[in-house]
Amino acid sequence: MSTLLETWESTFNQLGDILLENLTSNEQLVIEMGGEQSHFMRFNKAQVRQSGLVTDATVKLRLISQQRTAYAAFPFTGDLDVDRAAGLDNLNYLREVLPQLPEDPYVILPQNQGSSHEVYAGQLLSPEQAAAAILEKMGNVDFTGLYTSGPVVRANRNSAGQKHWFATETFVLDYSMITPTEKAVKSIYAGADWQQDQYEAHIAQSKKQLVVMERPVKTVPPGKYRTYFAPEAVAELLAMLSWGAVSEASMQQGGSALAKLREGKRLSSMFSLRENFNLGTVPRFNDLGEVAPEVLPLIAEGQLANTLVNSRTAKEYGVSGNAASGSEGMRAAEMLSGQLASEEIVKQLDTGLYLSNLHYLNWSDRNGGRITGMTRFACFWVERGEIRQPIKDLRFDESLYSFWGENLEAITDFQALVPEVDTYEARSLGGAKVPGMLVKDFTFTL
Amino acid sequence: MEFDLQKALDALELNADWVGLRQVSETTHTHVVRDAKPQANGRSQTQGVMVEVLAQGQFGYAATNYLDSVSLQAAADRAYQQALATAQWGVHQFTTDVRPATKGHYRSPVQKPYDHLSVADITGLLTQVCDTLKVSDKIVRTSAFAQILETEQRFVSSNGADIEQTIWMVITDYGVTAQDAGVTQKRTDNGWFARCYQGGVELMEPQAILNRCQTIGEQAVELLTAEECPTTTTMLVLAPDQMMLQIHESVGHPLELDRILGDERNYAGSSFVTLADFGDLVYGSPLMNITFDPTISEELGSYAFDDSGLEAKREYLIRNGKLIRGLGSLESQVRTDTAGVANFRASSWNRAPIDRMANLNLEPGHSTFDEMIESIDHGVYMESNRSWSIDDYRNTFQFGCEYGRLIENGKFTKTLRNPNYRGITNDFWGNLDQVGDRSTLEVYGTPACGKGEPNQVIRVGHASPVCAFKEIEVFGGVA
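If you're matching them up, the sequences are chains X and Y in order. In terms of my numbering, the first sequence opens at residue 452 and continues consecutively. In terms of my numbering, the second sequence opens at residue 1271 and continues consecutively.
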């Protein structure tokens, strides 16, 4: 691990001690920290568009007193003098705000459920090496995307004595290769140990796939088609469930796309979904420092098994919590595999669409479970069990009660780990482990 | 902004062709009340400096939130090293021409800053909002959100730029969920976070807010028993709070030159527009006039200078239906030899600027609202966006709204629920049939337009009159 992380951990611990020592007897505090030192390099046409490094960290305090709570977030620099001054200033701000707030009947008090310390060191490219390592053997290919690399930290501590520290060094190369006719193959090379041979093999595989994309494009008219979704496409559909579906609060407040499951409706018995923190890519503790179960079934053989419930929701609705995040979204989703072998996919699909990726999904009718979105990147027309040609992108509009319900025909016997690559404000951690799936009568509208 | 940025710049030891320091400090006060109970209250502060260096025709950057001379020098060294390490693979040989030596300042119009209201005042108002929204037992959820932000930016450079901009913003969102007999409907205050403006807490005038909330609650209940939007092809009338989304997705994004250049093809996507289309493409009907205008003080995306230091001006992008100019910064302009605008914008100190919208507006036409509706034999009117999806070339789209009304023989006859429509950008704008006059114009925006690798969100404003489009495919929800 880098010197920076050692400095951050030491300063975070000392800052925590100072803040906790400053509490009065009727105050309780949760201290959250997130930080990263990231190298970002952006590519277009196998050239570098922008490249740089960002060192950023934030501490968030949640003060609880007399049935009231408020938060304050401020920059964390690793310099104890600077951070102590900012921490105490923000503690004082919270003391000024709290008495002005109404009582909060669902305020959650910090608990000590045990501490953790996880550090995963990686072997990353140095910022000086990265461009050459990535581009030198790229050859004459239109390569576009983002390389992200460096340490990420999540930490949490509270006045009940609980401490968590999670640090990991990772890289993600999220890229597309694009033909002159603008058809593309998308792929991700990610991990903790950059291995040049492995990287070059990955690139070679993408170049090979690109050859198929150079075939003439087929325009498929709107209609219902047998459709195979590769794991990356399934991951896009699953991600929608974190947006007003698996959340208990959304269930209770009329906003869940899965509400019909609670009313007794079932999906296909082939469809099972769970949170599985054994995947090891993301900390088990949430923003309050609560530790989630290692495995939590959400949908078991088509039936709703659990929703994601954070402590606040649990208190408000009198249900059991399961240490979900504040937004009650999935953090370590796993869709269970089925029986369809890789070599049987196009044979069983027979004639229809093979979709590698989807794009820009949104609920078109959330209560009906209906999702609209686009096909994107390597998507093909398959005829009589053979991949024929890439398709002109299509818009779909279909209910999950159909494609994970009566129209789900098969799930692959393999899964892929699809990493979370979002970098809004900060780098995301984790990902979803998902199989591919074969669906009949999937509706394309435009 | 106590840190002396100019002094820090002067102290840097660097053998570069150019260096710029961009400091951003932002404080966000957030207050959320749900069902008249406090949900989240607090403030977030972020502060840091991005050092940008030009060497061998390539820019490199390094950003840090630790504002001292040692940290800034280390960041400058890293930025310089990145420029050198990537120069042989740069997309363009840049010069200091893309970083003008501009001096100036900008400040949002603020009548009442944040501290004009106490935390108790704000949470009290939001609680009242929830109470007002709950017009019936069929309302199962009420929510009230208010965010007040102050952003201070300073940009200094080795060729003499010195810009200070202070931006105050207020973002609000009020909404309800109504439920009865297995039907659920939501209604909000003109769509998801659409009410976002530059200014102070004078934008939170209680009586106006509560009046709107009464209507929001009543319309949510009204939607429970409304008919589904019919599936048909008809005249579509869009209110300004849906036009903003239509402009944003099907005009703004496809005109961004960095998308046309291919920078976004791995993430946000490309564009159906090509460089050859500027000055030539008929984008829409002759009634279509689109301006890029960061100079309208209350709109969310206003500023005087972009993050390269270029002075911001109002420009027509589409005039009488014809495409004439793209949304391209100085960097994109030299890469394409195409006219652009001052739109090089970063979300904060920790992201590099890219081509963005600012305020993108549809200029008013000549129809009054009443004249427009009276002229329509059959049509559907839609308000307030609730669903949006468009392809990566910004061509094929499907959008959904909260509230619809059927138009028959020049009159509104029924309320419609789950109104959706779909189309293809160029055809859709070609079918622009009527544009409302200034009396129908309303200003909205979005605080969270996502784009870029690494990802960043930016704040943009959109003003539009009511518009009518002929022969559009409309439809309802799940049967």
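Derived by calculation from the structure, the hints in this document are not laboratory data. Hints are supplied without guarantee of correctness; some may be wrong.
Using 30 Å as the maximum straight-line C-alpha spacing, the simulated DSS-like pairs for lysine-lysine come out as follows [claimed, not checked]:
| # | chain 1 | residue 1 | chain 2 | residue 2 |
| --- | --- | --- | --- | --- |
| 1 | Y | Lys1404 | X | Lys711 |
| 2 | X | Lys659 | X | Lys669 |
| 3 | X | Lys511 | Y | Lys1592 |
| 4 | X | Lys711 | Y | Lys1583 |
| 5 | Y | Lys1408 | X | Lys716 |
| 6 | Y | Lys1740 | X | Lys843 |
| 7 | X | Lys669 | X | Lys891 |
| 8 | X | Lys675 | X | Lys798 |
| 9 | Y | Lys1740 | X | Lys675 |
| 10 | X | Lys511 | X | Lys588 |
| 11 | X | Lys766 | Y | Lys1404 |
| 12 | Y | Lys1408 | Y | Lys1307 |
| 13 | X | Lys614 | X | Lys496 |
| 14 | X | Lys658 | X | Lys669 |
| 15 | X | Lys658 | X | Lys798 |
| 16 | X | Lys711 | Y | Lys1408 |
| 17 | Y | Lys1684 | X | Lys766 |
| 18 | X | Lys711 | X | Lys614 |
| 19 | X | Lys766 | X | Lys716 |
| 20 | Y | Lys1307 | Y | Lys1404 |
| 21 | X | Lys659 | X | Lys511 |
| 22 | X | Lys614 | X | Lys588 |
| 23 | Y | Lys1740 | Y | Lys1684 |
| 24 | X | Lys766 | Y | Lys1382 |
| 25 | Y | Lys1408 | Y | Lys1681 |
| 26 | Y | Lys1404 | Y | Lys1592 |
| 27 | X | Lys511 | X | Lys675 |
| 28 | X | Lys843 | Y | Lys1592 |
| 29 | Y | Lys1382 | Y | Lys1583 |
| 30 | X | Lys711 | Y | Lys1681 |
| 31 | Y | Lys1382 | X | Lys511 |
| 32 | Y | Lys1592 | Y | Lys1408 |
| 33 | X | Lys511 | X | Lys614 |
| 34 | X | Lys511 | X | Lys669 |
How the hints compare with the structure:
1. Between Lys1404/Y and Lys711/X, the direct Cα distance comes to roughly 25 Å. Compliance with the 30 Å bound is thereby established for this hinted pair.
2. Under the criterion of a C-alpha separation no larger than 30 Å, the hint pairing Lys659/X with Lys669/X is consistent with the structure, at around 20 Å.
3. Our distance criterion of 30 Å between C-alpha atoms is broken by Lys511/X and Lys1592/Y, whose separation comes to about 50 Å.
4. Pair hint Lys711/X plus Lys1583/Y does not hold up; C-alpha atoms about 52 Å apart against a cutoff of 30 Å.
5. Pair hint Lys1408/Y plus Lys716/X holds up; C-alpha atoms about 24 Å apart against a cutoff of 30 Å.
6. Straight-line distance between C-alpha atoms of Lys1740/Y and Lys843/X comes to about 26 Å, which keeps the hinted pair within the 30 Å bound.
7. This hinted pair checks out: Lys669/X and Lys891/X have alpha carbons roughly 20 Å apart, not beyond 30 Å.
8. Between Lys675/X and Lys798/X the CA atoms are separated by roughly 19 Å; this keeps the pair inside 30 Å, and the hint holds.
9. For the given pair, Lys1740/Y sits about 28 Å from Lys675/X by alpha-carbon distance, which is consistent with the 30 Å threshold.
10. With a C-alpha separation of about 44 Å, the suggested pairing of Lys511/X with Lys588/X is violated against the 30 Å cut-off.
11. Between the alpha carbons of Lys766/X and Lys1404/Y the distance comes to roughly 23 Å, so the proposed pair stays at or under 30 Å and holds.
12. At most 30 Å may separate the alpha-carbon atoms for a hinted pair to count; Lys1408/Y and Lys1307/Y meet this at roughly 18 Å.
13. This hinted pair does not check out: Lys614/X and Lys496/X have alpha carbons roughly 46 Å apart, beyond 30 Å.
14. Restraint check for Lys658/X and Lys669/X: satisfied, since their Cα atoms lie roughly 21 Å apart, inside the 30 Å limit.
15. Between Lys658/X and Lys798/X the CA atoms are separated by roughly 24 Å; this keeps the pair inside 30 Å, and the hint holds.
16. Straight-line distance between C-alpha atoms of Lys711/X and Lys1408/Y comes to about 19 Å, which keeps the hinted pair within the 30 Å bound.
17. Between Lys1684/Y and Lys766/X the CA atoms are separated by roughly 42 Å; this puts the pair beyond 30 Å, and the hint is violated.
18. As the CA atoms of Lys711/X and Lys614/X are separated by approximately 39 Å, the hinted pair breaks the 30 Å bound.
19. A hinted pair counts as satisfied when its Cα atoms are at most 30 Å apart, and Lys766/X with Lys716/X qualifies at roughly 27 Å.
20. Simply put, Lys1307/Y and Lys1404/Y have alpha-carbon atoms about 13 Å apart, close enough for the 30 Å limit, and the pair holds.
21. The hinted pair formed by Lys659/X and Lys511/X fails the criterion: a straight-line CA distance of about 47 Å is larger than 30 Å.
22. Distance restraint check for Lys614/X and Lys588/X: the Cα-Cα separation of roughly 45 Å exceeds the 30 Å cut-off, and the hinted pair is therefore not satisfied.
23. Between the alpha carbons of Lys1740/Y and Lys1684/Y the distance comes to roughly 20 Å, so the proposed pair stays at or under 30 Å and holds.
24. Annotation: proposed proximity of Lys766/X to Lys1382/Y is violated, straight-line Cα distance about 38 Å (limit 30 Å).
25. Distance check on the hinted pair: Lys1408/Y and Lys1681/Y sit about 29 Å apart at the alpha-carbon level, within 30 Å; holds.
26. Simply put, Lys1404/Y and Lys1592/Y have alpha-carbon atoms about 47 Å apart, too far for the 30 Å limit, and the pair is violated.
27. Between Lys511/X and Lys675/X the alpha-carbon distance is near 49 Å, which puts this suggested pair outside the 30 Å criterion.
28. Of the pairs offered as hints, the one joining Lys843/X and Lys1592/Y holds, with about 27 Å between alpha carbons and a cut-off of 30 Å not exceeded.
29. Restraint check for Lys1382/Y and Lys1583/Y: satisfied, since their Cα atoms lie roughly 27 Å apart, inside the 30 Å limit.
30. Between Lys711/X and Lys1681/Y, the direct Cα distance comes to roughly 37 Å. Violation of the 30 Å bound is thereby established for this hinted pair.
31. Distance check on the hinted pair: Lys1382/Y and Lys511/X sit about 28 Å apart at the alpha-carbon level, within 30 Å; holds.
32. Taking the CA atoms of Lys1592/Y and Lys1408/Y, the gap is near 49 Å; set against the 30 Å cutoff, the hint is violated.
33. For the proposed pair Lys511/X and Lys614/X, the alpha carbon gap of about 15 Å is at most 30 Å, so the pair holds.
34. At roughly 52 Å between alpha-carbon atoms, Lys511/X and Lys669/X are farther apart than 30 Å, so this suggested pair is violated.
Going down the numbered hints, you'll see the structure goes against 3, 4, 10, 13, 17, 18, 21, 22, 24, 26, 27, 30, 32 and 34, while the others check out.
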